[in-house]
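Given two chains presented individually in distinct reference frames, assemble the corresponding complex, making use of the accompanying hints.
So the sequence lines, in the order shown, correspond to chains D and C. Per our numbering, the very first residue in the first sequence carries number 6; after that it's consecutive. Per our numbering, the very first residue in the second sequence carries number 17; after that it's consecutive.
Hints are not guaranteed to be accurate.
[To be verified] List of simulated lysine to any residue pairs, SDA-like, C-alpha gap at most 20 Å:
1. C:LYS212 to C:ILE197
2. C:LYS212 to D:GLU110
3. C:LYS212 to C:ARG138
4. D:LYS20 to D:ASP33
5. C:LYS212 to C:TRP230
6. D:LYS128 to C:TRP230
7. C:LYS212 to C:LEU86
8. D:LYS25 to D:GLU72
9. D:LYS177 to D:MET144
10. C:LYS212 to D:PHE126
11. C:LYS212 to D:GLN135
12. C:LYS212 to D:TRP127
13. D:LYS128 to C:TRP201
14. C:LYS212 to D:ASP131
15. C:LYS212 to D:GLY156
16. C:LYS212 to D:GLY152
17. D:LYS20 to D:ILE80
18. C:LYS212 to D:ARG122
19. C:LYS212 to D:ILE80
20. D:LYS128 to C:LEU86
21. D:LYS202 to D:LYS128
22. C:LYS212 to D:GLY121
23. D:LYS128 to C:VAL260
24. D:LYS202 to D:ARG137
These are computed hints drawn from the structure, not numbers from a lab.
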Amino acid sequence: MTEIEADTAPALTTKGLTRKFGSFMAVDGVDVEVQEGEIRAVIGPNGAGKTTFFNLLTGHLRPSGGEIILGDLVISGRRAHEVARLGMTRAFQTTNIFPSMTVHENVVTALLGYSGRTLRFWKSPDASIQRRADEVLDMVGLSEDRGRQAGILAHGDQRALELAMALAPLPKIILLDEPTSGMSPYETQRSVQILQKIWRDLHLTIVLSEHDMEVVFELAHTVTVLVSGRVLATGEPGEVRANSEVISAYLGGVGD
Amino acid sequence: MQREVRTVSLPPLGRSRHLASIGTIIGVIILLVLVPIILPPAQEFLAQTVLVYALFAVATNFLIGFSGLLSFGQAVFFGFGAYTAALLWTHGVPFWIGFIISPIAAAVVAALVAIVSLRTSRLYFALLTLGFSQLAYEVASGLYNLTGGETGIPGITMPNAISGVVSNYEFILVFIVAAVIALYWIQRSSFGMALKAIRENPTRAEAVGIHVYWHHVVAYVIAGFICGLAGVLYVVYQQQVDPVLLNWTESGEPVLMAVLGGMGLYLGPAVGSFIYILLEQWVGALTPQWPLLVGLVVLVMVIVYPRGLGGGFVNLVTAIRRKRRKADDSVSIRRTS
Numbered sequence: 006m007t008e009i010e011a012d013t014a015p016a017l018t019t020k021g022l023t024r025k026f027g028s029f030m031a032v033d034g035v036d037v038e039v040q041e042g043e044i045r046a047v048i049g050p051n052g053a054g055k056t057t058f059f060n061l062l063t064g065h066l067r068p069s070g071g072e073i074i075l076g077d078l079v080i081s082g083r084r085a086h087e088v089a090r091l092g093m094t095r096a097f098q099t100t101n102i103f104p105s106m107t108v109h110e111n112v113v114t115a116l117l118g119y120s121g122r123t124l125r126f127w128k129s130p131d132a133s134i135q136r137r138a139d140e141v142l143d144m145v146g147l148s149e150d151r152g153r154q155a156g157i158l159a160h161g162d163q164r165a166l167e168l169a170m171a172l173a174p175l176p177k178i179i180l181l182d183e184p185t186s187g188m189s190p191y192e193t194q195r196s197v198q199i200l201q202k203i204w205r206d207l208h209l210t211i212v213l214s215e216h217d218m219e220v221v222f223e224l225a226h227t228v229t230v231l232v233s234g235r236v237l238a239t240g241e242p243g244e245v246r247a248n249s250e251v252i253s254a255y256l257g258g259v260g261d
Numbered sequence: 017m018q019r020e021v022r023t024v025s026l027p028p029l030g031r032s033r034h035l036a037s038i039g040t041i042i043g044v045i046i047l048l049v050l051v052p053i054i055l056p057p058a059q060e061f062l063a064q065t066v067l068v069y070a071l072f073a074v075a076t077n078f079l080i081g082f083s084g085l086l087s088f089g090q091a092v093f094f095g096f097g098a099y100t101a102a103l104l105w106t107h108g109v110p111f112w113i114g115f116i117i118s119p120i121a122a123a124v125v126a127a128l129v130a131i132v133s134l135r136t137s138r139l140y141f142a143l144l145t146l147g148f149s150q151l152a153y154e155v156a157s158g159l160y161n162l163t164g165g166e167t168g169i170p171g172i173t174m175p176n177a178i179s180g181v182v183s184n185y186e187f188i189l190v191f192i193v194a195a196v197i198a199l200y201w202i203q204r205s206s207f208g209m210a211l212k213a214i215r216e217n218p219t220r221a222e223a224v225g226i227h228v229y230w231h232h233v234v235a236y237v238i239a240g241f242i243c244g245l246a247g248v249l250y251v252v253y254q255q256q257v258d259p260v261l262l263n264w265t266e267s268g269e270p271v272l273m274a275v276l277g278g279m280g281l282y283l284g285p286a287v288g289s290f291i292y293i294l295l296e297q298w299v300g301a302l303t304p305q306w307p308l309l310v311g312l313v314v315l316v317m318v319i320v321y322p323r324g325l326g327g328g329f330v331n332l333v334t335a336i337r338r339k340r341r342k343a344d345d346s347v348s349i350r351r352t353s
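If we strip away everything but chain C, and leave its shape as in the complex, we get (with noise of 0.2 Å):
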């Protein structure tokens, strides 16, 4: 009987959920959009450091979480995309040109990163992927004449039209949410399902048709051009770049932030970079060891709760709905019986 009940009642609650996860989007983008009017400039500097990060983890968890392919070189690609932006503002390219060229410019890099790497196995992806950083970053501080090596390039300007808080602020904003929509896109197409396939069971996806090496390619080119298009962004509310963008510690902190907002779940490391960089503000003022409190809780989560806190929100949730919902059931079935 009251399963009878149960089954009756799924359709319009499945309804009514799609409709409350888009409501509460929506919600959020609208918070998001009014944040340089609430909140005092330095704020709004910080949710702009947010929405950054929020993007570069997301992308990166397309690769890791998605994907299932373990890449630990993601910042070579944001500060490959930083950097080009960087310098061709400041070599007098017009801002859209370099705006456009940059991200087109990691995804270059992407895919000769990825036609060399992927061709070994997943631990040596991994370690290959770290070397690529490691690599970057040194040559990024070391081409003194062209980079300003350690020092990097301060003060790149921005065109008029975005140089305001409110305008600059809102520019981000827009790329931000183009990108992350896209890339939600990509997941649910044909392509991202045969990518789903490979990280479910590779010899399955193989045996189906699927070149598994190829797909892995251009997964990774297309994360490489979302990371480029962050590093991209990161120089128009910066204004400057420096080599620890490619090194790969700054490899790390997307991957955390993914950890932190839950791997499973799409906009997950976006939440992870909202807590990342809350903790990096509020005990980094307390104290230079801050990262040593981020570890910890990384520890914890990975440990008792590896779904993360975006993870953790979705299951607090459903409990509730659950409960509401054999409320509901029990008082139907008092009613019928």
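The shape of chain D in the complex, shown without the other chains (with noise of 0.2 Å):
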């Protein structure tokens, strides 16, 4: 990682983001730089602010405060649909998809919207956004249920169709919210593989929030520890996990 760090621009910094409800300080003060193609864990136990940090991130959430920067652009104040097309996508922790058009639909409406294509009344999806779109549900191994309603997939399979919508149009930065949230091991395995393969073909740079420490482990290059609002700890997941504070003010709890 530190070879990617000393040549290139961050591609996503926030600096002092901060978000307030009423009085309450859900995100309070927040500086991170993400590097290019550098998997990035944010973890902290509940109500730490994982949540909030990304609906700021996308424009779900307006900040009080602090700047949003992706690559050499401020973002933040922008609407979630701008930050979409910008090149910014996002997986929600709980499965957002369209649930009565097919998997292949979801996919293809995500594709016209990213590259603002829907305002076409005339004309339906051409070739190549179907064939791109059957590109990715390869790609995260739903081919074979292209046809089928989005809503009546299996919750695993759910999860891979968010996945393959924020992928879609090959955007610079991905943001999973809690991505193996309510799998089973064996889905929980099968898509950190699948994660792991994106990354090295795709050359993402990835930013994701988890719950399920061994996959932070396996994947993330480095960790964000968030408690109450704030960064504790930022570094790599050997060195975040040997933290002192961190592991009295979260791994511990845990009972790790």
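Quick look at the structure:
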């Protein structure tokens, strides 16, 4: 990882990112730098502000203060659909798909949205988009389910579809909010393999939040620990695991 | 074993179903073309009413059923199209110019209403559209010098070419069929997919880069245009307008038609228009309290049969098909075993 850090600008930077709900500081002055091609895990106990942090990044929430910089573009204050089109896409913590559409249509719709081609009133999606959707489904292992209704898929497959929808436009950064939550050990293992393969093949930058420490240590290059909306520590997984503050604030509580 | 047989027999069945539905639609269109030749003039007038309201209801359902926009103000655009055409034609503007300008005017009004109302949440949006309907009614009945107040504008003459009983009917039919097909096309386009995505999951739609507000505005304008066109066609056969066209009760009619016929089906609201107007005609002849019966039917529909009569028909057809297919399957199983 250190080689990458040396010569490239960060893919994603936040400076003093803050979000208040009333008097409650959900995210409190967070500074983060994610390098290009890095897999960054954001961990922390429940209520640490991980999901709020993600919602701020993708424009689903407006920050109360601070800046978000994607590449060299300040994106704080932009709306969710703009952030998505600028190349930072997202998979949600709770499954968020178009349930009555087919699996293939879900990805096609996503591709149309990202490319801003949804204001075409006469044309149905062209062949290149259809083909691209099939490629993406192949990547996450859903090729065989392409014609099935998305709402009736098994939970793990719905999560894979979410991933496909976030992945479809070849984004600069992909945010995964708890990508393995609610999955069986087998499904979790499969997801980790898919993510590793995607990262290798596409050289994406991935930011993920995760409860499952096994997954975190298996995937992440760098780990950021959030506690009460603040960054408690950032470092390589081994360092963070050994950090006494982290152990007492978080890892220790789980009984690791 | 049974499963295999079924998957093998599926593709041709799918194609034949496609052909069957296209065949049915062409059959219905031929029947509609023949209406003024078969039916006496009074019935033909009724058929025109069914057609115009079918278009009105299909366009309204494009918003309510398809885009998830609960609009109770579609009469504004229907009435605005009708009034614009009536005013232009009675002030010496050539027929075709009035015919083209009026739906566009309705679409412009729809854009204004949408830009204001869609900024609010779902419920307030529905209430605001209702409010606009009432406002339009008050304006039309208040501006006596321009609109003739409560009396409206009677005696609008049509060009000779479409003033005959048959030609007048066929003129309306052509434009209604064209508009229904156009709207269907839009529903199947990339834009239609985005609208469906927004209805299913607005958060997700936004996260894949779809601008929800803007798409809803455009959908509203398209529906406004088609409702305006329905209003213009209303003037073509009624040859008069009155402010009731703009009233909020008028806005409720296409919604009721959609519920009666089935909101989940593209042509469901057209079926609803047929039922609604027949009820109005037959029961209305017996008692002035006919809306009571309509209300009762709608209530029963919503509680017992939310897919509407159109949906019921489709269910029936699928059930028969399945039964027949099962019979075929068991025959082929017997043969193979």
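| request: Could you tell me which of the hints above the structure violates, numbers in ascending order? | output: Those not satisfied are hints 19, 20, 21, 23.
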